[in-house]
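**Student:** Below are the chains, spelled out letter by letter.
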Amino acid sequence: MKERVLVAMSGGVDSSVAAALLVEQGYDVVGATMKLFCYGDEIVDRPCCSLDSIDDARRVCETLGVPHYVLNLESAFSHDVIDDFVSEYARGRTPIPCVRCNTFTKFRDLVRRADGVDARWIATGHYARVVDGVLHRGADRDKDQSYFLWGIDRAVLSRMLLPVGHRTKAQTRAVAHRLGLAVVAEKPESQDICFVPDGDHAKVIRSRLGADASSLAPGAFVLSDGAVVGRHDGHARFTIGQRRGLPGGFPTPMFVTAIRPADRAVVIGPREELLGSGLVAREVNWLAAPPAVGTRLHVQVRHRAPAAAAEVVRLEAGEIELALDEPVSAITPGQSAVFYDGDRVLGGGFIESAARAMLPVVA
Amino acid sequence: MPAPVYLDHSATTPVRPEVLEAMQPFFGPRFGNPSSIHRWGREARVALDEARERVARCLGAHPDEICFTSGGTESDNLAVLGAWRAGRARGRRAVVTTPIEHKAVLEAAHTAAREGADERLVAMTADGVADAASFDALVRDDVAVASVMWVNNEMGAIQPVPEFAALAHERGAVFHTDAVQAFSKVHIDAAAVPFDILSISGHKIGAPKGVGALFLRRGTAIEPLFHGGSQDRGRRPGTENVAYAVALATAAELALRDHDAEGRRLAALRDRLQQLLVARIPDLVVNARHAPRAPHILNVSVPGTESESLLMALDLQGIACSGGSACQSGTASPSYVLSAIGVPPHLASAAIRMSLGALTDDAAVDRVADVFPRLVAKARGVAAA
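Chains as they are written, first to last, in the working numbering: chain V, 552 to 914; chain C, 42 to 426.
For reference, chain C alone in the conformation it holds in the complex (with noise of 0.2 Å):
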């Protein structure tokens, strides 16, 4: 069988060799505790305190600005319910957001909506873009937390984000956006963008699982999740983990170092897997092919097909994709994604993201654009018969 083809970066990527490399020493010789007083809590600590100044310098921050954290899910949680509990101490009652984020925001808006909030979505365009007159109408001066993500995760479409923070923030409400797709495939910068909380996470971007960050603008009041130690502020108890800490710090570094470069190749290949794919597939859909993309993230759905069946078809060739938000028994089920801006259900249950990465050639595309539609072949046979 020829080699196997890693479609699904948004899933998850593996960890950069450097990365590893850079946090070794922190599981041996330098395994000390960033609090203690001693010569290796020093050393844990003067790491910790640089892995969260490259972090920030990553994102155009101050180093107080970063907290460190288990990752996307919990940089989500700590956002939205963190702002909304802050919020509602000083008389605001709303949360609003989209019916597109990770479900990481999704849930804990409805969180804090069984806490009292009002909770409001915003309307999604049929391209896949928040609605800005809908984001105005929503935002008013009652809104404790509006949070929108910056590059959705299954389609890649880019959410106006810079001009949602500005108007959000015109209304006085904290602003978060989840950019854990958008990290380094998006120019992100806190200083000319006035978001005042985003959400980070490490293995998107070559480090392990189970680290992520939140910026936390300076002023921005937030409840923390734990209750424990002064660590990282009070904002985030608990003994940091440092190798973690560094693993992020390096792995963003990496990819923002390789950005532009990383950025022009993948919306390449994207391109032209997108031609091929639409070539050889006349009536193939490009979900959110009309909203700005970001490079690494094609979502297409074609009729009369579903994607549980072709992703296994594709995983027995070899190739790795995903479907929509996978459930936790690992079955796919039709996108909310999709059917939040108006795909029909037949389509939106035949969606499949491919997800363009570090791991991604010319060859990966050549053998995904010639097995791919002769599998959707076959299974318009099958549905067929």
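If we strip away everything but chain V, and leave its shape as in the complex, we get (with noise of 0.2 Å):
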């Protein structure tokens, strides 16, 4: 038998995809589901993370014949995740949790755990490949999550296993029907953040911080020129570059260009206030030989957007100044600026701020 995989479990089809493949590979796997928060009633239809989840990774290990364990992480999770996902928000930013879960939680915490059952190895379901020690872009374009992985401690890239990486969704889909995985097969896509029931983040802020929480208070829509020309409910129910909620009458469509905590303003503008022609990352993190200044690269500033080329203007202790050969739209401080050359994954950072391309026009 080779060597002790601990696999991160979700009861999806991805990681028990790769649970079942670890196993056909001869590995000594042990499954393991982590209970990141408290299961409320409310929600109880969600396809991952509920108990029913748990229940499903279960059965796909007694199908595989291998053990199971459920993993209580909630405090750390809450102290790593949720507080930082609140609190961000409070600064009039949005976060991606996902990154900092896989930073602290999955490649931190579990790796502990890995440590203490003797796993050599630690796997999980994403859509992403380790390539002679290199995180590079998961092979399903489509599906890739190296977006969220930036932050893992470079160390641990020498073990982790990442069995999906090099299919397709399909392919995966596929390899849980010919395993006879039937309890998962099929499962729908989880797309929202596990922690926040029907993508109401305002839930989770109000539950942590109050209903008085001041992101949730009203405050008001004002122009670039500082003109005001509305109120809103709540500066955390916005990001840049969002559309929706916001006041009519223009003659070109708005969007959230800026967001203003300290006196609770939203910013909105046109089209052309959310071009920006460079941005600085903090908490930067290197996962390859950091790059020197004048180093071209390429960036990635939200899941799914395309990487856009640029080059490294200044760098100095956990902080990155890229300039973007183009503008590019809606860089939203929170959310990670992921560096790449090709399919491979240099390292990353959370944007800080965006440098406009373009003052706006004073009339």
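To be clear, the hints were calculated from the coordinates, so they are not data collected in a lab. Beta carbons: idealized from backbone N, C-alpha and C, even for Gly. Please note that a few of the clues may not be correct.
Said to hold, decoys possible - Cross-link-like lysine-lysine pairs, in silico, DSS-like; alpha carbons within 30 Å at most:
#	chain 1	residue 1	chain 2	residue 2
1	V	720	V	553
2	V	720	V	694
3	C	144	V	586
4	C	250	V	694
Stated by the list, open to error - Simulated DEER-style distance windows between Cβ atoms:
#	chain 1	residue 1	chain 2	residue 2	range
5	C	105	V	749	46 to 56 Å
6	V	627	C	144	24 to 34 Å
7	C	359	V	719	48 to 58 Å
Take the two lone chains, each set in its own frame, and fit them into one complex as the hints suggest.
**Tutor:** Written out as structure tokens, the structure reads:
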């Protein structure tokens, strides 16, 4: 039997197939489902992260003939991921909790658990690949999840197995059918953030900070010249580039271009005001040798956004500044900037600010 | 891999072969409904009555004082809520219990509180025993029911049930004891100890899951939880589960027959396991070590470890133990029982309960004494990293 691998299993098709493939390859598989937050009554129908999903993961492991455990990581997850999620909104940013979950929960806390059971390897159902110790995009570009993995400890790469990363989703489902994992084979995709029921993140903020949270308090819609053009019911309900929920009556489509928590203002403007010519990112983590100033690379500023050509103009302790070859729309503080060289993931950071491509024209 | 070791008898036990055999006819030829007037009904009724008599004998009770239930949880709910609701009707307004009870008692007490009861929790000593002075102070003449378990399911600590039962009686309160872990481990005699209600469960003593019983002393008023027919004097409507009643009676008799010898055997195994573990892990904490303890439970906390990871590592070595109370999803969380007796959080979340029983022998003790210290050393290495 090959070495032991701890497989993080959500009860979904990807991680189930990951476990099944590793069993097939002869690994000593131990399945683990992380319990990350309290499962209230309100989320019974969710395809992921509910008790049903834990049961599904357990059934898959039973089918595979491997042990399965439920790991309670609630308090660490609450601190590392949910608290941060709430405070990012309070700062007028749009958080990306999946990155922090991968960084802290899956590839730090879970790795500790793997150590505890002598598991040489840690596996997940992510669509990404580790090739010669370097993280790469998943082969299925529609499913690629490398964007969420930039923050992990580089040393963990040598222990990661991502068995579905070189497959397409359709192939993964086919494997599930072939291996008799009917329980999970046709499960719908989970799109939302696991701890945010029905995509209603205001509910999470309210439950953490109370109904009078500042980020949920009414404020003004303003134009970039300062003109007040309406009222909103909480800046946390908005993100850069959003069109929904804005006041009407403008000659061109309007978008959220900035969020100012200090005076609870949501700044709106035409499409041109969304364009950024560069960005600053912080908490930068490298999964390859750090580049030098002047290095050319590609940067992706949102999940599923195309990577844009850029040049490193400044690089200092944990912070990077990039100049973009062509302006990029809706560069959003709090989201990740992930640096690529082709399919190779070089590293990433949290977007701190965008350099505006175009100053607003004041009439 | 060496033979697996099952050290979780307080969670559940295998059905004894004699029990399985005794219940078989009631799935086949003797399938009748005990309430029916015909021959099939009579046959079932006789078996049910005999089972009731046999369980009564095991507890020093009268047959009419035995009520069959679906298990420990129903027994505890019927006892606490039934006695609270009956007591409320005659003007009593409080419920007294301890913070180390099984959730079946605690949640029933919380339900009573939502129905208007003043819920009072007895203080615990650091040894793991309910404090007598606190009980005395809380059980005033306004108490409907006081419920104190006989043997705690996590620590094995024996509670002063005889004294508490007598004191509750002086104050006119109904006294209930959850004896799910105590039955066949401590001597129970309804003629000698004045408890009014007592719960037992089948699957802890070699009967199947899904059957239990309540001893209900003559003259003790309870309101039923279920409403329906007049089965079991209306205390527990619903067609009786004859096969399981027979199973419970058979298991109870066998457990009592073996009580003395098995108690000595388990105590010796438990003591040896404890000595070996303490010798090999010098800072190991034996929880409730100063309390009188039932012979089958050893609860230990190892500083610098976490029960969830240790239980996983033990299972991967083929050794089954448990931690604190298990939640629905199967995760372990810090034990509320240990927290309630003042065990600090880092030890309450490191607790491992080893519970011995029919499947435990010297080889099992040796194996655990060999493997557990190695896993602890490993876990501490990881925690320190």
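**Student:** Please go over all the hints and tell whether each is borne out by the structure.
**Tutor:** Quick rundown of the hints versus the structure:
1. 720/V to 553/V: 27 Å, holds
2. 720/V to 694/V: Distance ~7 Å between residue 720/V and residue 694/V Cα, so the pair holds.
3. 144/C to 586/V: 22 Å, holds
4. 250/C to 694/V: 46 Å, violated
5. 105/C to 749/V: 46 to 56 Å: Once the Cβ atoms are compared, 55 Å apart, the range 46 to 56 Å for residue 749/V and residue 105/C holds.
6. 627/V to 144/C: 24 to 34 Å: Once the Cβ atoms are compared, 25 Å apart, the range 24 to 34 Å for residue 144/C and residue 627/V holds.
7. 359/C to 719/V: 48 to 58 Å: 39 Å, violated
Checked against the numbered hints given earlier, the structure breaks hints 4, 7 and satisfies all the rest.
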